[in-house]
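Given only the sequences and the hints, what does the whole structure look like? Please build it.
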Amino acid sequence: TQLLEQSPQFLSIQEGENLTVYCNSSSVFSSLQWYRQEPGEGPVLLVTVVTGGEVKKLKRLTFQFGDARKDSSLHITAAQPGDTGLYLCARNTDKLIFGTGTRLQVFP
Amino acid sequence: DSGVTQTPKHLITATGQRVTLRCSPRSGDLSVYWYQQSLDQGLQFLIQYYNGEERAKGNILERFSAQQFPDLHSELNLSSLELGDSALYFCASSLSDSPLHFGNGTRLTVT
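Which chain is which? The protein sequence lines are A and B, in order. The opening residue of the first sequence carries number 1 in our numbering; numbering runs sequentially from there. The opening residue of the second sequence carries number 1 in our numbering; numbering runs sequentially from there.
Check the hints yourself; a few may be wrong.
Claimed, not checked - Derived CB-CB ranges, DEER-like:
#: 1; chain 1: A; residue 1: Ala-78; chain 2: B; residue 2: Glu-62; range: 46 to 54 Å
#: 2; chain 1: A; residue 1: Val-55; chain 2: B; residue 2: Ile-12; range: 43 to 51 Å
#: 3; chain 1: B; residue 1: Gly-58; chain 2: A; residue 2: Pro-39; range: 23 to 31 Å
#: 4; chain 1: B; residue 1: Ile-60; chain 2: A; residue 2: Glu-15; range: 38 to 46 Å
Unchecked claim - Chain A side only, calculated, beta carbon under 10 Å to chain B, not exhaustive:
#: 5; residue: Val-44
#: 6; residue: Ala-90
#: 7; residue: Leu-96
To be verified - To list a few chain A residues with every Cβ distance to chain B over 12 Å, as calculated:
#: 8; residue: Glu-15
#: 9; residue: Tyr-35
#: 10; residue: Gly-42
#: 11; residue: Gly-52
#: 12; residue: Leu-58
#: 13; residue: Lys-59
#: 14; residue: Asp-71
Hint data in this document are derived by calculation from the structure and do not stem from the laboratory. Just so it is clear, CB atoms sit at the ideal spot from N, CA and C, and this is done for glycine as well.
This is the structure:
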């Protein structure tokens, strides 16, 4: 059973466009992590958000944790082909549970 | 390079067979986690070990088992393999509850 729903499932955009992906749950998280997975590799941690309403920036990536700590978003500004990959949110209970993922393809 | 090593990278075997996947965690990490990633199920947590002891269990089938050895490396054993077991199997390690570091996975194909 997936506790974390991500949308959209797939996203294909041109280089330079902006995009937002979402991670939603019916439960409250104590913290949430975002990972990126590139083909042939394992997921790599991008950021951890802990506080409701928190915003973290990582270069062109902006992560937001919802005020109620039930949802999160990842916004990418001026996407580049190097951003291509599978974006996964994950929540830590007694084990790390991953969302359904958003597969992003950025075309040059 | 995450520092987590998984072998083999690829494995092709027949239904009914048994395989062993191996994971060496990052130096100093005490926790090892196993995940299964298939196209239609996403990344599913299987099991976690901490310093040799089982700590958490997910949706791991009875045909699957794992262990963590005194040198902290871990093995995932898959038996009576079925076509549906074809997937990527990832190992991750961490120090206590710190972020996970993933290996590059073992791609298992059951024919």
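Tell me, which hint numbers fail for this structure? Violated hints (numbers, rising): 9 and 10; every other hint is consistent with the structure.
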